[in-house]
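There are 2 protein chains.
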Amino acid sequence: MSALGTPGPGEAVDRFARSAARWDHAPVEGLDWLAERAAAHPFRVERVPFAELDGWSFDPGSGDLGHRSGRFFTVRGWDAKVEPVDGPPRAWGQPILDQPEHAILGVLVAEVDGVLRFLMQAKMEPGNCNLLQLSPTVQATPSNYRKVHAGAAVKYVDHFLEVGPGALLADSLQSEHGSWFAGKHNRNMIVEVDPDIPVLDDFRWFTLGEIGDLLRLDNVVNMDSRTVLSCAPVPAIKGDALHTDLELMSWLTGLRARRTLTAGPVPLGALTDWVRTPARLHHVEDRYFDVVGVAVQAGSREVTRWSQPLLAPHGTGINAFLATEFDGVPHVLVQAKVECGLADEVELAPTVQATPEHHTPGAAPAFLDEVLSAAPSRLRFDVLLSEEGGRFLDAVSRYVVVDVDPFPAPDRFRWATTAQLSELVRRGRCVNVQARTLLTCLATEPAR
Amino acid sequence: MSALGTPGPGEAVDRFARSAARWDHAPVEGLDWLAERAAAHPFRVERVPFAELDGWSFDPGSGDLGHRSGRFFTVRGWDAKVEPVDGPPRAWGQPILDQPEHAILGVLVAEVDGVLRFLMQAKMEPGNCNLLQLSPTVQATPSNYRKVHAGAAVKYVDHFLEVGPGALLADSLQSEHGSWFAGKHNRNMIVEVDPDIPVLDDFRWFTLGEIGDLLRLDNVVNMDSRTVLSCAPVPAIKGDALHTDLELMSWLTGLRARRTLTAGPVPLGALTDWVRTPARLHHVEDRYFDVVGVAVQAGSREVTRWSQPLLAPHGTGINAFLATEFDGVPHVLVQAKVECGLADEVELAPTVQATPEHHTPGAAPAFLDEVLSAAPSRLRFDVLLSEEGGRFLDAVSRYVVVDVDPFPAPDRFRWATTAQLSELVRRGRCVNVQARTLLTCLATEPAR
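Protein sequences, first through last, are from chains A and B. Residues in the first sequence are numbered from 797 upward in steps of one, following this note's numbering. Residues in the second sequence are numbered from 797 upward in steps of one, following this note's numbering.
Isolated chain A (complex conformation):
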């Protein structure tokens, strides 16, 4: 097996696998703990007009919506043009979130009784439909931990800023939503610590198996947890993948080399298809998403009161892998997807990544019908999960894995094993955030 397919240090693979197969607590205990933490903190989020956002304003020249500190993020205009090799070009303008800072998304792990435990946080994010979800140990931008907020210190962040020798288990830069963010990357880290470190309020140890249970419930495990956990090494497959690792990577390289995307910032005020009202920025046909303002009161955040813009998508997205076996070796069907805000233009995405209501009848994306009409017995995973609640309001997507009979992959698609995709995840910036969530779902799947 080539370098790409090697699952990482064998010992680390085994340690994560053992934790994925271990349950010391029933899911309800985790849910009870989350409910208790939610009750302990008086969170309140309400929609407010832009004029009531404290510290945020529209630039008189560009119309961009930014914070007076120049930090956090800015809502800008974005012009995009895609010129497919086969097919007509498409060009459009849209608002986009520009966040130059790379956040750290970090999970601490510790071994107890020979099994890795993950220190997870009950964290409120204003955009989450249920406010509080299971989050990584640390989820913080430099603005957070360098105190632009003028709030409390970010707990446990020092473990990620200064990693002890041998303690690092994963570390890579990963993209986030390529149609909502302009070239955003976060640093995803897993770091091992002494099991005796203090466990603060709002934090709790979970095995990977227990997190997998919670991941199968609607809107419990947040996006940041899902992407960090996708960086854990997974066991190598037994048997041959349909494509070599080099062929798979070459396919992505070749598509990136075509340069079919041209995209860059424009003044937000110059977008012709977007309308700003006192309460929201929206598309003239009320499609895609709105940008809105919220005011937050919270007890467990670095500061206890703030307001900010959020991107509020229209409709429920669907992210699905078709899965099958070739010669007994499990594969999923990945799509090479151009997204206008991806710094690398193209990443590997789920088979289907779409919001059905955005598509006119007859122009549905490939395989959407197969997913929507799949028999329940074919669904290995089917759950509603929230996208990042610090930037997106009620952004809920349906995540699905559908078992299908094998068939040849069409253009722009390839069959790949989860071990191959996992290795690409650890390379960074090859597998998009929706596909990474599905990989975490598959990696925590109980043995069948």
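Treat the hints as calculated values from the structure; they're not laboratory data. Do not take every clue at face value.
[As the list claims (entries may be wrong)] Here are the simulated distance ranges between beta carbons:
hint, chain 1, residue 1, chain 2, residue 2, range
1, B, Arg886, A, Asp1014, 22 to 32 Å
2, A, His1154, B, Leu996, 47 to 57 Å
3, B, Ile993, A, Asp1014, 50 to 60 Å
[As the list claims (entries may be wrong)] Computed footprint of chain B on chain A; a stretch qualifies when at least three of its residues, placed anywhere within it, have a C-beta under 8 Å from a C-beta of chain B:
hint, region
4, 857–869
5, 1159–1167
6, 1196–1203
Cβ coordinates follow ideal geometry from the N, Cα and C atoms, glycine included.
Fit chain B to the known structure of chain A by using the hints.
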């Protein structure tokens, strides 16, 4: 050994290693062949004022220098600001080459008598000090092979556009000079073919050992050959590297996550420190580089007459690795270098990458003195090599590997094995073009 350190398919490693240890022809035969090809073609390159460049002009608004087709490349202005975590910020403006197209740099290989042979080309580039150098089989942008030139077809390019099953040996996107190009990437490929393919004029088979011989002569093997060959897998080291592969990659990830560079295009005419005369664009203090025009007459290119701008650096650069052993395991000292045009901000660079005359006395880069004052017996490699002759005029750098006694790496430096760096090369966009040249030098080093 982890995934990162795995040297790729063992069989491929052995095949490249066998070719690196095989010589069927003395270096003089290769030189004679290059001289013969040079004599067969009436190349002439002369400096011309900008006004005589056919198809190239300065945009009346921005002052950018571009081609009327909008293709090839554009000389733009570039504003850069680096804010190091420790140290004062630096900000400057400069001209930069903007070439959105990804070229294919491809070498065909074929096995004869159990040994891989590399199909190399005698290719003229107008900026080369000796015009003709040993080049990859294919070195072409989509503009070349899709006929914007209205010239002859690019020979052998089909082997890279449609790769046969099992024929792919390397394929990755790589950066080029980060202080002269804005985010330029090329696709570096090695593809195996049937040894019976026709060998056209200006092409010849070489073993890797023979190419290594020529690489040790001044200005014979061009930059494109060097970067493609750096993508070949190298044998794993015996013994432990000083850092694990994950630690090495994490170090690069952490530096990238800091976002210390802010850079982007500005109108070329708006640069305050740069002066345009009819014959050249230059810095007010005559430092760094000029942009000039050349007119070319050639027989073996896709078109036989053209003119174009070139970037003409001042002075001779020096790119050097310090090399040593830890517990008998060879390491080189890599630098994490921010370059203003790198799409990924930071890549791993040689220990020293500098142009001595650009530095005021007393402010020399780290380790420059060690390299310049090294005893001849410490120099494992010391040769003058040309940077890409299609964009740079007389851009000659001294490439050096210096044996030193072991010492702890200072901040911004790490000791790494060549196998580790080779794996990072195959990931793409982690190791800069100067370091890749040095890796090719080391990979073709005769056994000591």
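A quick look at each hint next to the structure:
1. Arg886/B / Asp1014/A: 22 to 32 Å: With a Cβ separation near 50 Å, Arg886/B and Asp1014/A fall outside 22 to 32 Å, so the hint is violated.
2. His1154/A / Leu996/B: 47 to 57 Å: holds, 51 Å
3. Ile993/B / Asp1014/A: 50 to 60 Å: The hint (50 to 60 Å, Cβ to Cβ) holds, given that Ile993/B and Asp1014/A are roughly 58 Å apart.
4. 857–869: violated (count 0)
5. 1159–1167: violated (count 0)
6. 1196–1203: violated (count 0)
The structure shown violates the earlier hints numbered 1, 4, 5, 6.
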